[in-house]
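Enquirer: One letter stands for each residue in the lines below.
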Amino acid sequence: MKKRKPGTRSRPTGSTRPSRAARKPRSSGVFTLSAECTIAESAPLQADLSRLLDKEAPVTLDAKELQRIDTAGMQVIAAFVRERNAGGRQVQWRNAPPTLLCAARLLGLGALLGLPQPTP
Amino acid sequence: MTIDLTQFHDAFFEESFEALDSMEAALLKLDIGAPDKELINTIFRVAHSIKGGSATFGFSEIASFTHSLETLLDELRSGNMQVTLPMSDLLLKSVDVLRAMLRAVQAKQPLDAQRVSDLQFDLELMIAQKPALAPAFAPAPVPAPVAAPAPATEAVAPVAVTAPADGVEAAAGNRWQIRFRPFREFFARGNDPMRMLRELAELGELSVTVDADSLPQLAQLNPQECHLAWVLELSGAVAEEPIKQVFEWAEGDCELEIRQVGGRPAGVPEAILADAAADALLSVPAVEPAAATVAEPARSEAPVAPAAPVAAAKPEASVSSLDSGSIRVSVEKIDELMNTVGELVITQAMLNQLGSTLDGPTAEKLRAGLAQLERNTRELQESVMRVRMLPITFVFSRFPRMVRDLAQRLGKQIELKLTGEQTELDKTVLEKIGDPLVHLVRNSVDHGIETPETRIAAGKPAFGTVHLDACHRGGNIAVEVSDDGQGLDKDRILAKARARNLIGPNDQLTDEQIHDLIFLPGFSTAEKTTDVSGRGVGMDVVRRNVKELGGKIELRTERGKGSRFIITLPLTLAIVDGQSVAVGTETYIVPLISIVESMQLKTSSVSRLSGRGEVFSFRGDYLPIIRLHELYGIEPRAHSLQEGLIVVAEGDGRRVGLFVDDLLGQQQVVIKSLEANYGHVEGVSGATILGDGSVALILDVPGIIRAASLRAAA
Amino acid sequence: MSSNAAGKTEHGPGAESRQVLTFVLGNETYGVDILRVQEIRGWSAVTKIPHAPSHVLGVLNLRGSIVPIVDLRMRFALERAEYTAITVIIVVSVSSPAGRRDFGVVVDGVSDVVDVNAAEVKPAPELGQRSATDFIRGLVPVSDRMVVLLDIDKLIGSEMRSMGDNAETAEPAPAASAA
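Residue numbers (our numbering), protein chains in the order written: chain A, 1 to 120; chain B, 1001 to 1714; chain C, 2001 to 2179.
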């Protein structure tokens, strides 16, 4: 991974601990999106989501930690959700913050992603 | 009660400087002969708003000068005059003069009146030489009030911005259809469609339909490429120009079609609120469409209201970016915040350590609380750090002008490529990296790129390319200055180094080591010095500056093909990624940026060289071993080289093996000054506080290498 | 020297009366201006600083800033004492040309805070080398003992100057060889 954003750096503290912990999808079917879902993180995000593609049980995307997302990040999630839906597998959302809802609306991806939308 | 206008001065100056930057950028983009009308409008608006602001605040010299400038620009805008090369130069000079004037007024120092009046005279002269083909008093499409020939007075200014010529067609209730299909490399150029759509949403009521048909399956998706396209409908009191401006930076990176369609839209699939400030509303899952339209009239009113002086001084072109809900905060306040958060991080780490030693049922709860505290602290620190981050474009933006001027003076043809301008780094680092970069770019233009004739003779295109790139790499930022010029001559560097006794006559150097030679003090490869690169400052100063920032610089060059300078910098000066090492009872932090690798030595790979002490072989080189415990007079646990570990570290282009007892772990540490209460210590760049509250010194690897080589030489 | 002529028990904040923190070092009692004392804390292990003078023991973390610790016994060439749980560090602030700096001094123990009347301070006896007594402001009798008043700026200030010299002489010459 070439590009990294500052927001994903490991914690600066005095105590000794590993620099960075990989975010592995948990077995429960809940995947927590990291704080930064931007182009810099799009490749790992793609890799993480790819592992969940074929999971039979519904996958829940938890966006409680999400702080920044850009078109590249949205695009990866859109590809994921579309492909799962096409295979008849569900994707649910949890804790979708305004950042995400706003991004989805600006990009017109709300319906595709299955995010809450204004009723016409 | 009178209003004290001085409180607005700072904002005026800051905004004017920013506006001048955008004016300069627009001037540089201006094609002679076929100028883009929108660019001229941008330039005009900057001059106009500075005139307005300076008149309001009583800076009469600036107002008078900008009046002349504006008059000339108005002629351009109305098509009465054509952009010529001398004119473009004159306008660029005007930007310089305006900057100087603003700076002088800001610092309450006298203006360079001669320079100002000379240039103002040239401007007036150019206006007077206007070709006679146009009617003497040509009715411009919409004569803005500013065209009045009266000298600038307080009365002229603040009103005018509100009714620019291009605003007239913006009848209420326009509807625009915009087809927007970014090219695949759209992201790579630093563009984000979302940003543009947000700006559009701020102009009026936006409805978005996405075209995701080209979006491949997840496995086939290259996440760095853009595969989405949009059809947008924008309605409201919007003119075409502001829409075009939104896509200004994406020009050439997308297919774009903007056309007007009649009437108001009937069904809106996904209404977008008009203002970024409405984000809060968006968090409510179901927003009534009615609510969406409410915000809109408020915005269309804004331009009509007689703006406050400061608002009037703001160039319209940058309104969208400046208005995006941001505030200006002094750097001191942020630094204070950073310090406090740094303390908090240390306290939290200490509590954590304490908590881990406790037992019992309440201890479990305490630990849970501490874990929460740790997360919150980390987030707080990251947020504060992010506040200090600015995109490197603040530094890059000065180069188009500089390269253009230099190329002109040297008779070279040079294209400047800027990429990764949105890469963010700490403001302090940003401020200090400017000068080294200027030096490198100047060097590339002056010594790197050949004259067009030489290039053509060498089978290269006449246009040379200088490329500035920035990107995040690991926890660092890499800034590269590369050119496709003549490169450096290895043999000449070697010959020169030998002539100056920098290396022995028979020393065999790797390419890397040869390239490093040019960073030695007093080493300059140019046969003749020019007034561009000068002679006083050399690459050693560049390297020193980079090193002071905790970074490093490398050079790759190939004769005839070009050179590439790679600067690696920490994202921030407040924190360093480090490897903790143990020597005796002490813990030291070795910055990761200095570490090549860590290894255990085999007896067979160590030998003693007379005069150079212990060395070991590493990737075909013999590197000296520095025993940290000897250097620091500490009783170690590991005495023989096989008991401990070697950290291969590099600094100043040289590598050494640091002998330590053990490696402890990698971590980020908050840098504390040793010099605040004590003084500089050779080989130590600072200190940090560990989780148990004790202090660990952060090693300055280049310093250690220098000290060791001095001792070896003695 | 008008109102306080009566004696050293005077407690009012008279112009010539100063509060002094006294501490013990070997057989002597020393005093420093209380206004210079930042805090008093127990002994904890310090982090050594390379190339420091032998009486600079190292640095400590003092509420987030890095503070050097000086052993006054070693500074005064007294016999070295063990550092124990009752060993005390007095953190003082020193004004130097470079601005305010904090230093910790290791002493055997803190005695008392006393009021010292300027009129009672006697100049330090001139004993041979001038530099040895430079940092002594004077002597003053308190109860039955003689307290040595220290001029902390001169005492520590000279330390810092020598540290500064250290740093400068260590400034490197250009690299000699790239190999």
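By construction, these hints were calculated from the structure, which means they are not laboratory data. There may be inaccurate statements among the hints.
As the list claims (entries may be wrong) - Every beta carbon over 12 Å from chain B, so not counted as near; a handful from chain A, in silico:
{"#": "1", "residue": "Glu36"}
{"#": "2", "residue": "Pro44"}
{"#": "3", "residue": "Leu53"}
{"#": "4", "residue": "Ala57"}
{"#": "5", "residue": "Pro58"}
{"#": "6", "residue": "Gln67"}
{"#": "7", "residue": "Thr71"}
{"#": "8", "residue": "Glu83"}
{"#": "9", "residue": "Gly88"}
{"#": "10", "residue": "Gln92"}
Stated by the list, open to error - Cut-off 27 Å, straight-line C-alpha distance, at most; resulting in silico cross-link-like pairs (BS3-like, lysine-lysine):
{"#": "11", "chain 1": "B", "residue 1": "Lys1561", "chain 2": "B", "residue 2": "Lys1490"}
{"#": "12", "chain 1": "B", "residue 1": "Lys1427", "chain 2": "B", "residue 2": "Lys1547"}
{"#": "13", "chain 1": "B", "residue 1": "Lys1029", "chain 2": "B", "residue 2": "Lys1460"}
{"#": "14", "chain 1": "B", "residue 1": "Lys1490", "chain 2": "B", "residue 2": "Lys1547"}
{"#": "15", "chain 1": "A", "residue 1": "Lys64", "chain 2": "B", "residue 2": "Lys1365"}
{"#": "16", "chain 1": "C", "residue 1": "Lys2048", "chain 2": "B", "residue 2": "Lys1547"}
What the hints assert, rightly or not - Quick list of simulated restraints, FRET-style, between CB atoms:
{"#": "17", "chain 1": "B", "residue 1": "Glu1379", "chain 2": "C", "residue 2": "Val2024", "range": "48 to 54 Å"}
{"#": "18", "chain 1": "B", "residue 1": "Ile1327", "chain 2": "C", "residue 2": "Arg2080", "range": "57 to 63 Å"}
{"#": "19", "chain 1": "B", "residue 1": "Asp1089", "chain 2": "C", "residue 2": "Gly2064", "range": "50 to 56 Å"}
{"#": "20", "chain 1": "A", "residue 1": "Arg51", "chain 2": "B", "residue 2": "Glu1453", "range": "57 to 63 Å"}
For each residue, glycine too, the CB sits at the ideal point set by N, CA and C.
Enquirer: State for each hint whether it applies.
Expert: Do the hints match the structure? See the list:
1. The beta carbon of Glu36/A is not kept farther than 12 Å from every beta carbon of chain B, the shortest such distance being approximately 10 Å.
2. Once the 12 Å rule is applied to beta carbons, Pro44/A is inconsistent with being away from chain B; the minimum gap is 9 Å.
3. With a closest Cβ-Cβ approach of about 6 Å to chain B, Leu53/A is found to fall inside the 12 Å limit, against its non-interface label.
4. With a closest Cβ-Cβ approach of about 18 Å to chain B, Ala57/A is found to remain outside the 12 Å limit, as its non-interface label requires.
5. With 12 Å as the threshold on Cβ separation, the claim that Pro58/A sits away from chain B holds: the shortest Cβ distance comes to roughly 17 Å.
6. At roughly 9 Å from the closest C-beta of chain B, the C-beta of Gln67/A falls inside 12 Å, breaking its exclusion from the interface.
7. Annotated as non-interface, Thr71/A brings its C-beta within 12 Å of a C-beta of chain B; the closest such distance is 5 Å.
8. With a least beta-carbon separation of about 5 Å from chain B, Glu83/A fails to lie farther than 12 Å from that chain, contradicting its non-interface assignment.
9. With a minimum CB-CB distance of about 16 Å to chain B, Gly88/A clears the 12 Å threshold, and the non-interface call stands.
10. No Cβ of chain B approaches the Cβ of Gln92/A within 12 Å, the least distance being about 14 Å, so the stated non-interface status holds.
11. Only pairs whose Cα atoms come within 27 Å are accepted, and Lys1561/B paired with Lys1490/B is accepted, the gap being roughly 13 Å.
12. At most 27 Å may separate the alpha-carbon atoms for a hinted pair to count; Lys1427/B and Lys1547/B meet this at roughly 17 Å.
13. Of the supplied pair hints, the one linking Lys1029/B and Lys1460/B holds, its CA atoms being roughly 25 Å apart against a limit of 27 Å.
14. In summary, the hint linking Lys1490/B to Lys1547/B is supported, as the alpha carbons are separated by about 24 Å, within the 27 Å threshold.
15. With a C-alpha separation of about 23 Å, the suggested pair Lys64/A and Lys1365/B falls inside the 27 Å cut-off, and the hint holds.
16. The hinted pair formed by Lys2048/C and Lys1547/B meets the criterion: a straight-line CA distance of about 25 Å does not exceed 27 Å.
17. Take Glu1379/B and Val2024/C: their Cβ atoms lie about 49 Å apart, and the range 48 to 54 Å holds.
18. Against the hinted window of 57 to 63 Å, the Cβ-Cβ separation of Ile1327/B and Arg2080/C comes to about 58 Å, which satisfies the hint.
19. Against the hinted window of 50 to 56 Å, the Cβ-Cβ separation of Asp1089/B and Gly2064/C comes to about 55 Å, which satisfies the hint.
20. Checked against the hint of 57 to 63 Å, the C-beta distance between Arg51/A and Glu1453/B comes to roughly 58 Å, which is consistent with it.
Checked against the numbered hints above, the structure violates hints 1, 2, 3, 6, 7 and 8; every other hint is satisfied.
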